[in-house]
Amino acid sequence: MLKGIDPLLTPELLKVLAEMGHGDEIVLADANFTAATLAKGKPLLHLSGAGMARTVEAIISLLPLDQDVAEPVAYMQVSHQPEGWRSALQRHVIHQLVEQGHVQAQQVEAIERFAFYERVKQAYAIVLTGELQPYGNFILKKGVICEPLAG
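Anchor point for the sequence shown: position 43 equals 43 in my numbering, and the numbering is continuous, going up by one each time.
I should point out that these hints are in silico values taken from the structure, not numbers from a laboratory.
What you are looking at is a predicted structure, and each value in this text was computed from that prediction instead of being measured.
Think of the CB as a built atom: it goes at the ideal place given N, C-alpha and C, for glycine as much as any other residue.
Do not rely on the hints blindly, as some may be mistaken.
[Stated by the list, open to error] Only pairs whose alpha carbons sit at most 30 Å apart, straight line, appear in this in silico DSSO-like list of lysine-lysine:
(1) K3 <-> K15
(2) K15 <-> K142
(3) K42 <-> K121
(4) K121 <-> K40
(5) K142 <-> K3
(6) K42 <-> K142
(7) K142 <-> K121
(8) K40 <-> K3
(9) K40 <-> K142
(10) K15 <-> K42
(11) K40 <-> K15
(12) K121 <-> K3
[As the list claims (entries may be wrong)] Between beta-carbon pairs, the in silico distance windows are:
(13) I145 <-> Y117: 18 to 24 Å
(14) P148 <-> S79: 29 to 35 Å
(15) L149 <-> F114: 36 to 42 Å
(16) L149 <-> T34: 24 to 30 Å
(17) E71 <-> L14: 21 to 27 Å
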């Protein structure tokens, strides 16, 4: 146990977050996600007892989001729903990120299910949660922690 670090963050997950570089992406997946198949060649971490909102809260406490891209947050679009439709979980997580000042609402991208799977193949790591709501999958793009540039 360490001071100031969310206890949900395991030593393995802390290592992965520290290893990620600027622009690397981490997938936060629901319990039904095809994580083992898509994680070939990348870290697959398990947070089986945690829901998605709690997982995002813990990870975002340490992970800066990339401010140099238009949409540093993505989520899996729910199939067979009109464009722009979001589940209660998706609305909650996005609201949480916006409310805490991590992103603006327009910096969150909906990605069609199979396109989401393709993007996951390029991610640095996958965190498989215990979230039971379908389509409860998110991608976060890591930014930088830096001092201002001297001119």
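Which numbered hints are broken by the structure, listed smallest first?
-> When the structure is compared with the hints, numbers 8, 12, 13, 14, 16 turn out to be violated.
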